[in-house]
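Student: Sequence:
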Amino acid sequence: MKFLIFLLTFIFITPITVIMTYQNHDKIKAFIDPPKIEIVSTINIGDTCGVKKDFFEVVDLETGSRVPVRRGKARLKTFEGNRVQLQISTEYQAVQIDVKPKEAKPDLTLALVCDDNDRLKKTMESIKDNF
Numbered sequence: 001m002k003f004l005i006f007l008l009t010f011i012f013i014t015p016i017t018v019i020m021t022y023q024n025h026d027k028i029k030a031f032i033d034p035p036k037i038e039i040v041s042t043i044n045i046g047d048t049c050g051v052k053k054d055f056f057e058v059v060d061l062e063t064g065s066r067v068p069v070r071r072g073k074a075r076l077k078t079f080e081g082n083r084v085q086l087q088i089s090t091e092y093q094a095v096q097i098d099v100k101p102k103e104a105k106p107d108l109t110l111a112l113v114c115d116d117n118d119r120l121k122k123t124m125e126s127i128k129d130n131f
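Going by this note's numbering, the first residue of the sequence shown is number 1, and it counts up by one from there.
Please keep in mind that the hints were generated in silico from the structure rather than gathered at the bench. One should not assume that every hint holds.
[What the hints assert, rightly or not] Lysine-lysine pairs mimicking DSSO-like chemistry, simulated, CA-CA at most 27 angstroms apart:
| # | residue 1 | residue 2 |
| --- | --- | --- |
| 1 | K122 | K52 |
| 2 | K122 | K100 |
| 3 | K105 | K53 |
| 4 | K105 | K52 |
| 5 | K73 | K100 |
| 6 | K53 | K73 |
| 7 | K77 | K102 |
| 8 | K105 | K77 |
| 9 | K73 | K36 |
| 10 | K105 | K27 |
| 11 | K29 | K105 |
[Stated by the list, open to error] Estimated spans, in silico, between C-beta atoms of each pair:
| # | residue 1 | residue 2 | range |
| --- | --- | --- | --- |
| 12 | F31 | E125 | 46 to 54 angstroms |
| 13 | Y22 | G72 | 47 to 55 angstroms |
| 14 | T14 | Q96 | 56 to 64 angstroms |
| 15 | R75 | P34 | 18 to 26 angstroms |
| 16 | C114 | R66 | 17 to 25 angstroms |
The beta carbon of each residue, even a glycine, is placed where N, CA and C say it ideally should be.
Whole structure, please, built from the sequences with the hints as guidance.
Tutor: Following this line, the structure appears as structure tokens:
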């Protein structure tokens, strides 16, 4: 008897659930995976450990977009939440730096970490070896 009640309940509830899910799939998708908002991020370049700021560019790691830094700033068309990173310009491919990426916001500041001795030493050695 309990099994029969369970089976009948299952048979009646399943189609209702399917219909409700189908009718509201856009709302469910927006809740689970919200759409990313397109922004133009104005990125200020902070401390570069004495390296001229025009040697850098900002890279959107999700889309691969690259914009050069001019006068200490860069403007990048991206999506909110994409990871952006400060990198040495592609003109200087032999130089390597290791900067942690940050999530894109309308206003953002990127900088080198100059007080991390190992990271700074590697960056400066790479710059000295190539210039």
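Student: None of the hints should be skipped; say for each whether it holds.
Tutor: Okay, the hints, checked on the actual structure:
Straight-line distance between C-alpha atoms of K122 and K52 comes to about 17 angstroms, which keeps the hinted pair within the 27 angstroms bound. Of the pairs offered as hints, the one joining K122 and K100 holds, with about 15 angstroms between alpha carbons and a cut-off of 27 angstroms not exceeded. Restraint check: the Cα-Cα separation between K105 and K53 comes to about 21 angstroms, which is no more than 27 angstroms; the hinted pair holds. For the given pair, K105 sits about 24 angstroms from K52 by alpha-carbon distance, which is consistent with the 27 angstroms threshold.
A C-alpha spacing of about 18 angstroms is found between K73 and K100, which places the hinted pair at or below 27 angstroms, so the restraint holds. For the proposed pair K53 and K73, the alpha carbon gap of about 9 angstroms is at most 27 angstroms, so the pair holds. Pair hint K77 plus K102 holds up; C-alpha atoms about 15 angstroms apart against a cutoff of 27 angstroms. Between K105 and K77, the direct Cα distance comes to roughly 11 angstroms. Compliance with the 27 angstroms bound is thereby established for this hinted pair.
Only pairs whose Cα atoms come within 27 angstroms are accepted, and K73 paired with K36 is accepted, the gap being roughly 24 angstroms. For the hint linking K105 to K27, the alpha-carbon distance of about 25 angstroms falls within 27 angstroms, and the restraint holds. A distance of roughly 24 angstroms separates the Cα atoms of K29 and K105; the hinted pair therefore holds under the 27 angstroms criterion. At about 49 angstroms, the CB distance of F31 to E125 agrees with the hint of 46 to 54 angstroms.
Between Y22 and G72 the CB atoms are about 52 angstroms apart, so this pair conforms to the stated range of 47 to 55 angstroms. The hinted window of 56 to 64 angstroms between T14 and Q96 holds, with their beta carbons roughly 57 angstroms apart. Separated by about 25 angstroms at the C-beta atoms, R75 and P34 satisfy the suggested range of 18 to 26 angstroms. About 24 angstroms separates the C-beta atoms of C114 and R66, a value consistent with the hinted range of 17 to 25 angstroms.
Of the numbered hints given earlier, the model fails none.
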